[in-house]
Amino acid sequence: MKLHNRMKIELMSLPENVGLARIAVAAFASECNLDVGELEEIKVAVSEAVSNAIIHGYQKDANGVVTLTATLQDNVLEIIVEDKGRGIADLEQALEPGSADDPERMGLGFVFMKSFMDEVNVESEPGRGTRVRMIKKIPKNPQAEN
Amino acid sequence: MKLHNRMKIELMSLPENVGLARIAVAAFASECNLDVGELEEIKVAVSEAVSNAIIHGYQKDANGVVTLTATLQDNVLEIIVEDKGRGIADLEQALEPGSADDPERMGLGFVFMKSFMDEVNVESEPGRGTRVRMIKKIPKNPQAEN
Amino acid sequence: IGEIRRYLRDNNPIRVSRSLRDIAYKAIQVREVLLNKHSREPSLNEIADELNLPREEVIFAMDAIQEPVSLFEPIYH
Ligand SMILES: Nc1ncnc2c1ncn2[C@@H]1O[C@H](COP(=O)(O)OP(=O)(O)O)[C@@H](O)[C@H]1O
Ligand SMILES: Nc1ncnc2c1ncn2[C@@H]1O[C@H](COP(=O)(O)OP(=O)(O)O)[C@@H](O)[C@H]1O
Ligand SMILES: [Mg+2]
Ligand SMILES: [Mg+2]
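Protein chains in written order, with our numbering: chain A, 1 to 146; chain B, 147 to 292; chain C, 293 to 369.
So here's chain A without its partners, still in its complex pose (with noise of 0.2 Å):
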């Protein structure tokens, strides 16, 4: 497997950190050659993953670090998303649709991160974090012009 480009980035526990999640990640991912849709879609599942870290992992506690780490392998874009916050204690239903303990949200953040990536694997122990590992194949040559 040939590396191409590795980024690892940690951010403050902020509702504004997930726009520049975001776009770090659109800017890592563009020098795959993917269209707007396809590059739209992993930073929907980017802004779901780093969300959920803010918002559930530390509950809005600033003071916690996300960190989102970015490879490009051949032709497989890895995502890694983690936060050291309270963890998921039954991941099984976390995973579901409409889970969310918060009746104003929609619990459709891990359905997004399944249906937009190729595969996403979620660990996390409660008290110590979680981790969301996504994997997203680029279907062209990464180092493509356009």
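Hints were generated in silico from the structure; no laboratory data involved.
Where hints are given, some of them may not hold.
As the list claims (entries may be wrong) - The list that follows gives simulated cross-link-like pairs (lysine-lysine, DSS-like), each with its CA atoms no further than 30 Å apart:
no., chain 1, residue 1, chain 2, residue 2
1, B, LYS154, A, LYS60
2, B, LYS154, A, LYS43
3, A, LYS2, B, LYS230
4, A, LYS2, A, LYS114
5, A, LYS2, B, LYS148
6, A, LYS43, C, LYS318
7, A, LYS60, A, LYS8
8, A, LYS137, B, LYS154
9, A, LYS8, B, LYS206
10, B, LYS154, A, LYS8
11, A, LYS84, B, LYS154
12, B, LYS230, A, LYS84
13, B, LYS283, B, LYS154
14, B, LYS206, A, LYS137
15, A, LYS43, A, LYS137
16, A, LYS43, A, LYS84
17, C, LYS329, B, LYS283
18, A, LYS60, B, LYS148
19, A, LYS114, B, LYS154
20, A, LYS60, B, LYS283
21, A, LYS8, A, LYS137
22, B, LYS148, A, LYS8
23, A, LYS114, A, LYS84
24, B, LYS148, A, LYS84
25, B, LYS230, A, LYS8
26, A, LYS8, B, LYS283
27, A, LYS114, A, LYS60
28, A, LYS8, B, LYS260
29, A, LYS2, B, LYS154
Remember, predicted model here, so these are calculated numbers, not experimental data.
Could you slot chains B and C with the ligands onto chain A? The hints should help.
Relative to the frame of chain A, chains B and C with the ligands by itself:
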């Protein structure tokens, strides 16, 4: 001093990551309510520092890691660009205009950093790496509503 | 989901570079309009608000129409 926001980015030493660093810093700084020209100056300063880390620090060895830290505290934006590359033997000379070791280069990177930012400090140790710390005072209220 | 997905796709069969250029040119126009209206340089927030886009999207687009590396780094060109 009130800490408003902080991010840390680690990037592989690849030319295409200069753009990534620049966009991430601009997105980070954009919460300061700056105009396009002010953001542009910050972007140029960051581009120069990150390019130096890649070209001179790691001499284009992609395995090097460039670390960028941005902190917004009160009205002060601090940006630190670090590499663990070859370092600078004669720092005083490197900071002068036209000190390029390659006749094709202009040797103006540090000059731009110093003219676009309010403060620039460089620490470097031959064989161990270089750390460029830049400060920009933000005239407007960081969290001002638009 | 299918609907959202279709929305994202149907509206965007185009290349990223193309759509970024469109946003960037709109941003430049809006900047000009705001500059004339208020007789001062608008902030990026004001431009993004006017375009109804998140400000980091505007940053990404504006960056995309520039030289890939700094103007002062001729080495990659
Ligand atoms: N990083 C996280 N830390 C703690 N709990 C989480 C995290 N991510 C998701 N969860 C839990 O999983 C549930 C489902 O998440 P999601 O599908 O994004 O829906 P929503 O965020 O709308 O509730 C959340 O309501 C929350 O209880
Ligand atoms: N991160 C770095 N690691 C090693 N050397 C550096 C670094 N940054 C700058 N230098 C040295 O300082 C000199 C001046 O840098 P600069 O003002 O950016 O001009 P230029 O990059 O055009 O040569 C470089 O030519 C290089 O010798
Ligand atoms: Mg969610
Ligand atoms: Mg230079």
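We went through each hint and held it up to the structure:
1. Taking the CA atoms of LYS154(B) and LYS60(A), the gap is near 19 Å; set against the 30 Å cutoff, the hint holds.
2. For the hint linking LYS154(B) to LYS43(A), the alpha-carbon distance of about 20 Å falls within 30 Å, and the restraint holds.
3. Distance restraint check for LYS2(A) and LYS230(B): the Cα-Cα separation of roughly 23 Å lies within the 30 Å cut-off, and the hinted pair is therefore satisfied.
4. Under the criterion of a C-alpha separation no larger than 30 Å, the hint pairing LYS2(A) with LYS114(A) is consistent with the structure, at around 26 Å.
5. Simply put, LYS2(A) and LYS148(B) have alpha-carbon atoms about 43 Å apart, too far for the 30 Å limit, and the pair is violated.
6. Among the hinted pairs, LYS43(A) with LYS318(C) is consistent with the structure: their alpha-carbon atoms are about 22 Å apart, no more than 30 Å.
7. Between LYS60(A) and LYS8(A) the CA atoms are separated by roughly 22 Å; this keeps the pair inside 30 Å, and the hint holds.
8. The hinted pair formed by LYS137(A) and LYS154(B) meets the criterion: a straight-line CA distance of about 27 Å does not exceed 30 Å.
9. Distance hint between LYS8(A) and LYS206(B) is fulfilled; the C-alpha atoms sit about 19 Å from each other, no more than 30 Å.
10. Distance restraint check for LYS154(B) and LYS8(A): the Cα-Cα separation of roughly 8 Å lies within the 30 Å cut-off, and the hinted pair is therefore satisfied.
11. At roughly 16 Å between alpha-carbon atoms, LYS84(A) and LYS154(B) fall within 30 Å of each other, so this suggested pair holds.
12. Note on LYS230(B) and LYS84(A): the hinted pairing holds, with a Cα-Cα distance of about 28 Å set against a maximum of 30 Å.
13. Our distance criterion of 30 Å between C-alpha atoms is met by LYS283(B) and LYS154(B), whose separation comes to about 20 Å.
14. Our distance criterion of 30 Å between C-alpha atoms is met by LYS206(B) and LYS137(A), whose separation comes to about 28 Å.
15. With a C-alpha separation of about 15 Å, the suggested pairing of LYS43(A) with LYS137(A) holds against the 30 Å cut-off.
16. For the hint pairing LYS43(A) with LYS84(A), the CA-to-CA distance comes to about 22 Å; that is within 30 Å, so the pair holds.
17. The straight-line distance between the Cα atoms of LYS329(C) and LYS283(B) is roughly 27 Å, inside the 30 Å bound, and the hint therefore holds.
18. Taking the CA atoms of LYS60(A) and LYS148(B), the gap is near 17 Å; set against the 30 Å cutoff, the hint holds.
19. The hinted pair formed by LYS114(A) and LYS154(B) meets the criterion: a straight-line CA distance of about 28 Å does not exceed 30 Å.
20. A distance of roughly 28 Å separates the Cα atoms of LYS60(A) and LYS283(B); the hinted pair therefore holds under the 30 Å criterion.
21. A threshold of 30 Å between alpha carbons decides the hint, and for LYS8(A) with LYS137(A) the separation of about 20 Å falls inside it, so the pair holds.
22. Using a Cα cut-off of 30 Å, the hinted pair LYS148(B) and LYS8(A) holds, with the two alpha carbons roughly 25 Å apart.
23. With a C-alpha separation of about 22 Å, the suggested pairing of LYS114(A) with LYS84(A) holds against the 30 Å cut-off.
24. Distance hint between LYS148(B) and LYS84(A) is fulfilled; the C-alpha atoms sit about 23 Å from each other, no more than 30 Å.
25. Pair hint LYS230(B) plus LYS8(A) holds up; C-alpha atoms about 16 Å apart against a cutoff of 30 Å.
26. As the CA atoms of LYS8(A) and LYS283(B) are separated by approximately 27 Å, the hinted pair is consistent with the 30 Å bound.
27. Between LYS114(A) and LYS60(A) the alpha-carbon distance is near 24 Å, which keeps this suggested pair within the 30 Å criterion.
28. For the proposed pair LYS8(A) and LYS260(B), the alpha carbon gap of about 28 Å is at most 30 Å, so the pair holds.
29. Using a Cα cut-off of 30 Å, the hinted pair LYS2(A) and LYS154(B) holds, with the two alpha carbons roughly 25 Å apart.
Checked against the numbered hints listed earlier, the structure breaks hint 5 alone; every other hint is satisfied.
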